[in-house]
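Asks: Quick note, the sequences are listed as chains A and B, same order. With the first sequence counted from 1, adding 443 to any position gets you the working numbering. With the second sequence counted from 1, adding 443 to any position gets you the working numbering.
These are computed hints drawn from the structure, not numbers from a lab. Some hints could be false.
As the list makes no split between identical chains, a pair holds if one copy fits it or if it spans any two.
What the hints assert, rightly or not - Okay, derived cross-link-like pairs now, SDA-like style, lysine to any residue, Cα gap no bigger than 20 Å in a straight line:
| no. | residue 1 | residue 2 |
| --- | --- | --- |
| 1 | Lys590 | Gly470 |
| 2 | Lys590 | Val465 |
| 3 | Lys536 | Gly494 |
| 4 | Lys452 | Gln663 |
| 5 | Lys452 | His664 |
| 6 | Lys452 | Cys668 |
| 7 | Lys590 | Asp466 |
2 protein chains.
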Amino acid sequence: MPGEFNLIKRYFTNRQNQRRDVDLDIGDDCAIVRVPENSRLAITTDTLVAGTHFLADANPAWVAHKALASNISDLASMGATPAWCSLALSLPKVDEAWLESFSAAFFELADYYNIKLIGGDTTKGALSITITVHGFLPNEYALTRDKARAGDWVYVTGSLGDSQAGLDVILNPENRTRAFADVLEQRHYLSTPRVLAGQSLLNICSCAIDISDGLIADLQHILDCSQVGASIDVSLLPVSDELVAFLDGDKTKAQHYALTSGEEYELCFVVPSYNRGALDSHLSHCRTPYTCIGQIRGKEGLELHDGGKKLDWQLKGFDHFGGDDNE
Amino acid sequence: MPGEFNLIKRYFTNRQNQRRDVDLDIGDDCAIVRVPENSRLAITTDTLVAGTHFLADANPAWVAHKALASNISDLASMGATPAWCSLALSLPKVDEAWLESFSAAFFELADYYNIKLIGGDTTKGALSITITVHGFLPNEYALTRDKARAGDWVYVTGSLGDSQAGLDVILNPENRTRAFADVLEQRHYLSTPRVLAGQSLLNICSCAIDISDGLIADLQHILDCSQVGASIDVSLLPVSDELVAFLDGDKTKAQHYALTSGEEYELCFVVPSYNRGALDSHLSHCRTPYTCIGQIRGKEGLELHDGGKKLDWQLKGFDHFGGDDNE
Numbered sequence: 444m445p446g447e448f449n450l451i452k453r454y455f456t457n458r459q460n461q462r463r464d465v466d467l468d469i470g471d472d473c474a475i476v477r478v479p480e481n482s483r484l485a486i487t488t489d490t491l492v493a494g495t496h497f498l499a500d501a502n503p504a505w506v507a508h509k510a511l512a513s514n515i516s517d518l519a520s521m522g523a524t525p526a527w528c529s530l531a532l533s534l535p536k537v538d539e540a541w542l543e544s545f546s547a548a549f550f551e552l553a554d555y556y557n558i559k560l561i562g563g564d565t566t567k568g569a570l571s572i573t574i575t576v577h578g579f580l581p582n583e584y585a586l587t588r589d590k591a592r593a594g595d596w597v598y599v600t601g602s603l604g605d606s607q608a609g610l611d612v613i614l615n616p617e618n619r620t621r622a623f624a625d626v627l628e629q630r631h632y633l634s635t636p637r638v639l640a641g642q643s644l645l646n647i648c649s650c651a652i653d654i655s656d657g658l659i660a661d662l663q664h665i666l667d668c669s670q671v672g673a674s675i676d677v678s679l680l681p682v683s684d685e686l687v688a689f690l691d692g693d694k695t696k697a698q699h700y701a702l703t704s705g706e707e708y709e710l711c712f713v714v715p716s717y718n719r720g721a722l723d724s725h726l727s728h729c730r731t732p733y734t735c736i737g738q739i740r741g742k743e744g745l746e747l748h749d750g751g752k753k754l755d756w757q758l759k760g761f762d763h764f765g766g767d768d769n770e
Numbered sequence: 444m445p446g447e448f449n450l451i452k453r454y455f456t457n458r459q460n461q462r463r464d465v466d467l468d469i470g471d472d473c474a475i476v477r478v479p480e481n482s483r484l485a486i487t488t489d490t491l492v493a494g495t496h497f498l499a500d501a502n503p504a505w506v507a508h509k510a511l512a513s514n515i516s517d518l519a520s521m522g523a524t525p526a527w528c529s530l531a532l533s534l535p536k537v538d539e540a541w542l543e544s545f546s547a548a549f550f551e552l553a554d555y556y557n558i559k560l561i562g563g564d565t566t567k568g569a570l571s572i573t574i575t576v577h578g579f580l581p582n583e584y585a586l587t588r589d590k591a592r593a594g595d596w597v598y599v600t601g602s603l604g605d606s607q608a609g610l611d612v613i614l615n616p617e618n619r620t621r622a623f624a625d626v627l628e629q630r631h632y633l634s635t636p637r638v639l640a641g642q643s644l645l646n647i648c649s650c651a652i653d654i655s656d657g658l659i660a661d662l663q664h665i666l667d668c669s670q671v672g673a674s675i676d677v678s679l680l681p682v683s684d685e686l687v688a689f690l691d692g693d694k695t696k697a698q699h700y701a702l703t704s705g706e707e708y709e710l711c712f713v714v715p716s717y718n719r720g721a722l723d724s725h726l727s728h729c730r731t732p733y734t735c736i737g738q739i740r741g742k743e744g745l746e747l748h749d750g751g752k753k754l755d756w757q758l759k760g761f762d763h764f765g766g767d768d769n770e
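Given only the sequences and the hints, what does the whole structure look like? Please build it.
Replies: Dropping the structure here:
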């Protein structure tokens with residue numbers, strides 16, 4: 444059946460408006476694009492594999508959202524403005540209903556952020572999705588991981604822990620009877636990349652990272668790169684009412700979830716004291732909820748406390764479905 | 444065994460010199476890069492899947508070369524100068540011998556073209572390789588597919604047909620006894636992207652494409668985009684002595700191979716009459732062998748002839764191992 448896979452192209456061609464910085468998109472050997480003056484390019488690639496990052500029979504619209512949102516989140520965590528993406532899609536067979544749903548959700552999210560699909564590849568193979576996204580950064584600024592200093596404050600956007608609860612529902616059907624199981628399952632797939640927040644933090648923050656491996660693991664990346672430590676007050680961790688209800692009101696357990704839940708795609712960021720006012724003003728414009736959860740210390744290591752009372756929680760990191768992956 | 448896949452990163456980190464246009468590479472949420480003034484960016488993505496584009500037990504060094512070379516070839520066919528790439532690698536298990544061989548060959552080719560690996564992802568899954576490469580193009584020029592005009596001349600670089608013969612050897616062990624079987628198998632995997640040739644054709648050529656689907660299919664893309672036809676003299680097709688010997692001296696069969704063999708990664712390009720002298724002078728500098736094989740006509744359709752004698756060959760297009768793929 445050679446050529447059958449050409450059908451797939453239909454779902455991904457001529458679905459979007461043109462961007463003026465795209466001289467050539469799908470249809471030649473390469474796309475040709477232009478980067479604005481005084482700008483740099485932020486580039487990131489993520490692969491989602493069925494069985495590791497989502498179940499093969501998951502809602503294709505949710506899978507498309509998760510695949511693209513996780514990439515956009517990487518741009519957000521640098522403060523970059525999304526511009527273009529490429530999509531490499533491997534499918535075991537041509538399933539038109541799947542493709543219809545996947546592509547519709549893909550373009551809905553891409554269009555929201557004005558991201559133009561400029562190329563890619565469709566191949567026969569085990570179900571997997573690799574996306575590379577490109578965004579713009581000014582020449583002078585970027586949110587990296589290596590500039591946290593003792594005394595700076597640690598913040599997160601949104602609420603944490605819902606993604607892990609959603610995964611509990613997906614992996615263990617008995618959890619479907621718990622409160623808000625459906626809502627949390629959906630939140631696992633349908634995260635909101637914090638693009639506006641990232642952009643508005645660009646010249647205010649010392650550091651930022653998106654929470655993909657869990658707060659503890661991702662904050663540790665900042666601490667390692669900056670050679671500092673941090674003190675986090677778990678009583679300040681933002682957790683949703685739905686998560687607490689799902690966990691039968693167990694607040695401590697909700698805090699554990701908030702510390703280790705991965706694939707949240709919220710931002711964790713660090714702000715010097717003198718910029719806390721500017722932060723309030725900037726983030727209020729983009730209506731992103733955010734919470735201060737602790738402070739950077741000179742001494743290395745991550746210390747957890749509960750309103751001042753030291754904790755010695757030993758927490759297991761976030762794991763994917765497959766239990767063996769590096770991202 | 445969470446974290447085992449982190450081992451993979453070792454093979455792909457700190458293996459290359461820095462490029463001055465890379466502000467940040469592997470290790471943060473995104474890479475940050477700079478595009479030179481007065482330049483545009485050419486971007487292309489290709490996926491190679493075990494079983495479709497190579498056999499799972501193929502020499503990993505050859506697989507790495509093929510995966511990267513096929514992408515670089517897309518840059519070459521636009522006339523672009525390679526700059527950066529990202530690599531998404533899915534592996535069923537961590538096989539250190541495989542990774543050692545794959546990564547060494549990957550970086551050997553990348554270093555030759557000064558291509559910096561700036562990011563990617565490693566996941567557990569069926570063996571597949573997705574690479575996105577970025578290259579620079581001047582603001583004014585690019586080799587596209589839509590500017591061939593009646594009277595222009597059609598050329599190809601190198602020789603054609605060897606890749607198909609190599610595939611014959613890989614797929615049918617009985618062909619191993621044929622003349623030059625080993626050489627041709629190796630040529631299938633170890634093509635030379637025509638980067639220098641592409642660059643030197645930038646303001647001389649009307650059109651160019653790299654031969655990945657077979658000469659007839661790829662030239663047809665140029666004809667379709669330019670709304671013209673062409674006349675090709677099969678007696679002019681460049682075929683290697685090894686191919687002719689492999690085919691027991693059957694020159695006609697060698698011409699069939701030259702017309703349909705895919706994954707050659709030679710360039711097919713179109714030059715106006717007034718630039719034929721400039722072409723000779725430019726390509727002699729980069730020592731790329733090239734041959735004029737025919738001419739563009741105003742009338743649509745692709746006509747084959749043998750030194751003037753019309754042919755009505757019905758040729759089957761190139762197919763991958765798996766027989767069902769769009770590239």
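Asks: Now look at each hint and say whether the structure bears it out.
Replies: Now for the hints, and whether the structure bears them out:
Taking CA atoms no more than 20 Å apart as the test, Lys590 paired with Gly470 passes between copies only; the shortest distance there is 14 Å, against 42 Å inside one copy. In the homo-oligomer, the alpha carbons of Lys590 and Val465 lie at most 20 Å apart only across protomers (19 Å), although the nearest pairing inside one protomer, at 34 Å, exceeds that limit. Both within a single protomer and between protomers do Lys536 and Gly494 lie at most 20 Å apart by alpha-carbon distance, with minima of 17 Å and 14 Å respectively. Taking the closest pair of Cα atoms, Lys452 and Gln663 come within 20 Å of each other only across two copies (18 Å); inside a single copy the shortest separation is 42 Å, beyond that limit.
Taking CA atoms no more than 20 Å apart as the test, Lys452 paired with His664 passes between copies only; the shortest distance there is 16 Å, against 39 Å inside one copy. Taking identical chains as interchangeable, the C-alpha atoms of Lys452 and Cys668 lie at most 20 Å apart only when they sit on different chains, with a minimum of 17 Å there against 42 Å within one chain. Taking CA atoms no more than 20 Å apart as the test, Lys590 paired with Asp466 passes between copies only; the shortest distance there is 15 Å, against 37 Å inside one copy.
Going through the hint list in order, the structure satisfies each hint without exception.
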